[in-house]
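What follows is the residue order along each chain.
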Amino acid sequence: MDNQVPFAPELLELARQFDHPALAQIYDTYSPGLYRYAMRLLGDQNLAEDCVAETFSRFLQALQTKRGPDSYLQAYLYRMAHNWIVDHYRREPMQPVELTEEHRDENADPEKDAGQHLRQERLRMAIKKITPEQQQVIALKYLEGWKNEEIARSLKKPVGAVKSLQHRALANLQRILNREEFL
Amino acid sequence: MKSDELDLKLKNAFNDLQNIPPRAPQAAARGRENFLKQAMVFRQVVSRKSDQRHNRWNNIIFPLFQRKERLPVLNTLIAVVLAMSVFFGGTGATVYAAQGSLPDEALYPVKTWSEDAILSLTGPAQMHLNYVLDFSDRRVAEMAGLLAAGKPIPEGVEYRLQNELDLVLELTAGMDDPQAIQQMLQIRTRAETQMQTMTMLMSGAPESAEPILLRTQARLQEQIQLATMGEADPQGFRMKIQQRFQNQGGSGEQTPGTGNNPQDPGPVNPTEMPGPSGTGNGPGPGGNQTTGTPGQYGPGSHTPDRTPQPGGVSGEPTPGTGSNPQGPGPMSPTDILVPTGTSDGPGPGMNQPTGTPGQNGSGSQMPNRTPQPGGGSGHMP
Numbered sequence: 001m002d003n004q005v006p007f008a009p010e011l012l013e014l015a016r017q018f019d020h021p022a023l024a025q026i027y028d029t030y031s032p033g034l035y036r037y038a039m040r041l042l043g044d045q046n047l048a049e050d051c052v053a054e055t056f057s058r059f060l061q062a063l064q065t066k067r068g069p070d071s072y073l074q075a076y077l078y079r080m081a082h083n084w085i086v087d088h089y090r091r092e093p094m095q096p097v098e099l100t101e102e103h104r105d106e107n108a109d110p111e112k113d114a115g116q117h118l119r120q121e122r123l124r125m126a127i128k129k130i131t132p133e134q135q136q137v138i139a140l141k142y143l144e145g146w147k148n149e150e151i152a153r154s155l156k157k158p159v160g161a162v163k164s165l166q167h168r169a170l171a172n173l174q175r176i177l178n179r180e181e182f183l
Numbered sequence: 001m002k003s004d005e006l007d008l009k010l011k012n013a014f015n016d017l018q019n020i021p022p023r024a025p026q027a028a029a030r031g032r033e034n035f036l037k038q039a040m041v042f043r044q045v046v047s048r049k050s051d052q053r054h055n056r057w058n059n060i061i062f063p064l065f066q067r068k069e070r071l072p073v074l075n076t077l078i079a080v081v082l083a084m085s086v087f088f089g090g091t092g093a094t095v096y097a098a099q100g101s102l103p104d105e106a107l108y109p110v111k112t113w114s115e116d117a118i119l120s121l122t123g124p125a126q127m128h129l130n131y132v133l134d135f136s137d138r139r140v141a142e143m144a145g146l147l148a149a150g151k152p153i154p155e156g157v158e159y160r161l162q163n164e165l166d167l168v169l170e171l172t173a174g175m176d177d178p179q180a181i182q183q184m185l186q187i188r189t190r191a192e193t194q195m196q197t198m199t200m201l202m203s204g205a206p207e208s209a210e211p212i213l214l215r216t217q218a219r220l221q222e223q224i225q226l227a228t229m230g231e232a233d234p235q236g237f238r239m240k241i242q243q244r245f246q247n248q249g250g251s252g253e254q255t256p257g258t259g260n261n262p263q264d265p266g267p268v269n270p271t272e273m274p275g276p277s278g279t280g281n282g283p284g285p286g287g288n289q290t291t292g293t294p295g296q297y298g299p300g301s302h303t304p305d306r307t308p309q310p311g312g313v314s315g316e317p318t319p320g321t322g323s324n325p326q327g328p329g330p331m332s333p334t335d336i337l338v339p340t341g342t343s344d345g346p347g348p349g350m351n352q353p354t355g356t357p358g359q360n361g362s363g364s365q366m367p368n369r370t371p372q373p374g375g376g377s378g379h380m381p
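Chains as they are written, first to last, in the working numbering: chain A, 1 to 183; chain B, 1 to 381.
The shape of chain B in the complex, shown without the other chains (with noise of 0.2 Å):
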């Protein structure tokens, strides 16, 4: 019998299996969503990269003990670095534990405390963005680990993994145009999973996290037609934000005078201190500016201290370096909020836990932009 020619009665029996029924859709989904969920715990734990990890020093420091002559200075040099690393490796072991914890667990803090100091180091716009992307994911990483575990997600986490998103549309905002509409399409699609992910953990939500998922699905959902316009139109997405964060600034509509949650993880820039007093969020006349052409949007830095500096009532523009001083320089997150250089923050008690609800510039869902004592009028744009 050749292989390819199937007896006739073999072939009829073959057609029998054929038969099957049809796969139950309940059933299938419910597989789906396992698998997407086993495939967020994995994402969590993934390693980085080769090229991204820290094996540098294997091609540094065998080399210097496979030498056959002595080096008495660098022996010492050896010896320092050996003494410093048992002294501070206790603390680098400890953050590097902490990567991976829960908001409910108690290396949580020091997990929220490495991120917000990688973002308060200077380095490219780009860079930060990378950063405030991935963290985003982990506070979404975070909820879905939390529901997996039958626990509450602390509000803390919400209001964290909003300024994470804010921070990123500011972050973008501050880009050139062909570089903003690059990042558009990588915040589009981190967002569009986030929502994905949202709305997988709805389906299984006990009812007392539906509010914190219902509002993060919202916030997610603006996101994305955020960064859908800023594709089409930086332009007129730079307006929309620096328009949205004076909004939230000043309307008093979102969360008025809670401040930042006690078990809130903690700001996203550890920088920016709630200020005492809460008067004021413009950065005055020319914040984080220097010196050079005048912007568009004035000039300054892309570092995500966003903390405003105190400032008169009506400050000039002030020109700044920017990246180019001929043209309009990179916009800073201050940039966007006070376009022309005045003090017209949104007024008192933004995220100050005494603010008053309802009244004109108290009150604000953005915790971590909170002013600095000073002259800010809490002038409404």
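If we strip away everything but chain A, and leave its shape as in the complex, we get (with noise of 0.2 Å):
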């Protein structure tokens, strides 16, 4: 599965001159899986829209200082939005969601959702626990469904340290999740 969305270099170019239809388009092009990206490693619709905000913000900023991407934009979107999120990790522990009344969904059956929302939180505390790059390998192959070449782009890495990188990364996912019995 190829996840790369087709650009056109021609869209950057026109983004670096602070061209407004070519910004809005790289918006609306990048944003939704931005979203999802943080809402799956955050788990709360808030952060992950913060998030977006604070990585399209910087995008930006690194238009402006000369410092933005080459090519390869979305690979560079997902870096710092990743950087963005490690920083949040750091910045404030993950703190267990209470289910309200607001949760509350007549047609839901709260004992599978709560069991799915139970896993889902323990999965991001364990994924929280290693580091920022074999997050972000397991995040872009497992939860995004991304190829090594384009995980290697984002990382700046090549792709065989992509590999060593997600073997080291999965081995530590299944200790950390063993130890708290959670497989």
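Take these hints with a grain of salt, some might be off.
In silico lysine to any residue, SDA-like type, Cα no more than 20 Å apart, as pairs [as the list claims (entries may be wrong)]:
#1 Lys9/B to Gly145/A
#2 Lys129/A to Ala62/A
#3 Lys151/B to Glu210/B
#4 Lys11/B to Arg175/A
#5 Lys37/B to Gly68/A
#6 Lys37/B to Glu49/A
#7 Lys37/B to Glu192/B
#8 Lys129/A to Arg91/A
#9 Lys37/B to Leu107/B
#10 Lys147/A to Ala62/A
#11 Lys147/A to Gln166/A
#12 Lys37/B to Gln25/A
#13 Lys9/B to Arg179/A
#14 Lys11/B to Arg91/A
#15 Lys37/B to Ala24/A
#16 Lys129/A to Arg119/A
#17 Lys11/B to Glu180/A
#18 Lys66/A to Phe42/B
#19 Lys37/B to Gly145/A
#20 Lys128/A to Glu92/A
#21 Lys11/B to Ala24/B
#22 Lys156/A to Gly68/A
#23 Lys156/A to Asp70/A
#24 Lys129/A to Phe14/B
#25 Lys151/B to Ala141/B
#26 Lys11/B to Gln120/A
#27 Lys37/B to Ala62/A
#28 Lys9/B to Ala62/A
#29 Lys129/A to Asn83/A
#30 Lys147/A to Asn15/B
#31 Lys151/B to Leu107/B
#32 Lys9/B to Gln120/A
#33 Lys128/A to Leu10/B
#34 Lys128/A to Gly68/A
#35 Lys151/B to Ile212/B
Covered by chain A, according to a simulated footprint, are these stretches of chain B (three or more residues, beta-carbon under 8 Å) [what the hints assert, rightly or not]:
#36 28-39
#37 189-203
Since the hints were derived computationally from the structure, they do not count as laboratory data.
Built from N, CA and C at the ideal position, the CB exists for glycine as well.
Since each chain comes alone in its own frame, lean on the hints to assemble the complex.
What follows is the structure, encoded as structure tokens:
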């Protein structure tokens, strides 16, 4: 599966000139994926929106100071988003989410939902405990479905290094989850 | 375990994380809007491209100080240059500092003055067009900046933007077909971008700002339509522009007799000062024309000096040089207004504070096309 969104280099060139339609197109193309990515790792809609907003804000700042991406805009944006997520992990430890009336859904299966929610939170906690690069590999590979070559571009590492990171990340993740009797 | 062969339980755990609630549309729209607003602010302050920066002095000045031998004449010259730099440097810094100012700030008149000064310099129409397009972007950014700061938009900003949009059309009408068609695309793209910004601003604007934003939107829509038409039919575009300015000049439909708003940051072109009597708008016989073969719309220059000269009531078409003495010369804005060379100006009161509303030939939304006193009779075509 190729998850790279087709990208015209001319679009990035126009974005460097702060061309309004080009920037709007970039936002419309990449913000939904970035939101999903942040949401999967953070589990909070407000935080995910903050992540997307801050990622695009940093993108504009980078364009202004001529430090923007040379190419592979998608890889660049996901790297920025992941940096924000890692910073957030460091700033604020993950809080347990309490189920309130707001979460109530008449058609839902509360037992099933609660179980899934719990599993999601445990996996997020486990992912948080591995290194930032391992987190990014796991998230891009198994949550976003990227190919190793695409991940390598985002991490600015050779494909071999990505495979190695992936191997260590899975082993670490499995060890953490086994210790917590999740699996 | 091979890295690609994922443990089934781990795979199920990842699948759990795939299920996330959909993004709230309002939050997504708000995020997009904020991003584009931020981009507008960045666009305003972005520096010029490296090849447009004034950095050639690096290669000129530094080698002078690296010479081993002394050059007395050169030293004197350097001293004079340095003295002048110290004397005039303050002015330059002020002008530079004013470029990011908003209409409610003290340095804003300096900003508009510097824009007018740039437009008053002679140069190719293409250069003027690029400047005017950039200046119109500035006006839109100023509107965005003022609204973002919770401040009202002075009408002067709106008038100035409208004048710039008009000037863009006039300059393009004066170009030959291939060049005009090429510029139409640029004009349309810019207007579309500005239109998008206006739409975005409308969504969060206070009620008091809505009339100005709506008028600006309508004007931008017209700009898009005219540019689209010009891409397909440059000749028809010229006729349309000619007709448009004739109608604007004499109908008195828009803003009769208001003249420039006192808060107006100033005319687009410093040479276009309001005339004392407001009579006549036509250039008279052969305004801005010299000698040569008569062109379709007459010759003239591309300079943005659109001030009609006093003229008689019935002028004859005057031949001019144009860029091609054998063919239709490039049009100047005055040529567009008066293709036949007769002084059929729109009449008195154009942009005059004393103009009478509703009368033919009085009032216009074109505050910068004020005629000079002269023989214009106010004849309406």
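Q. Which of the listed hints are not met by the structure?
A. 2, 9, 10, 14, 19, 21, 28, 34
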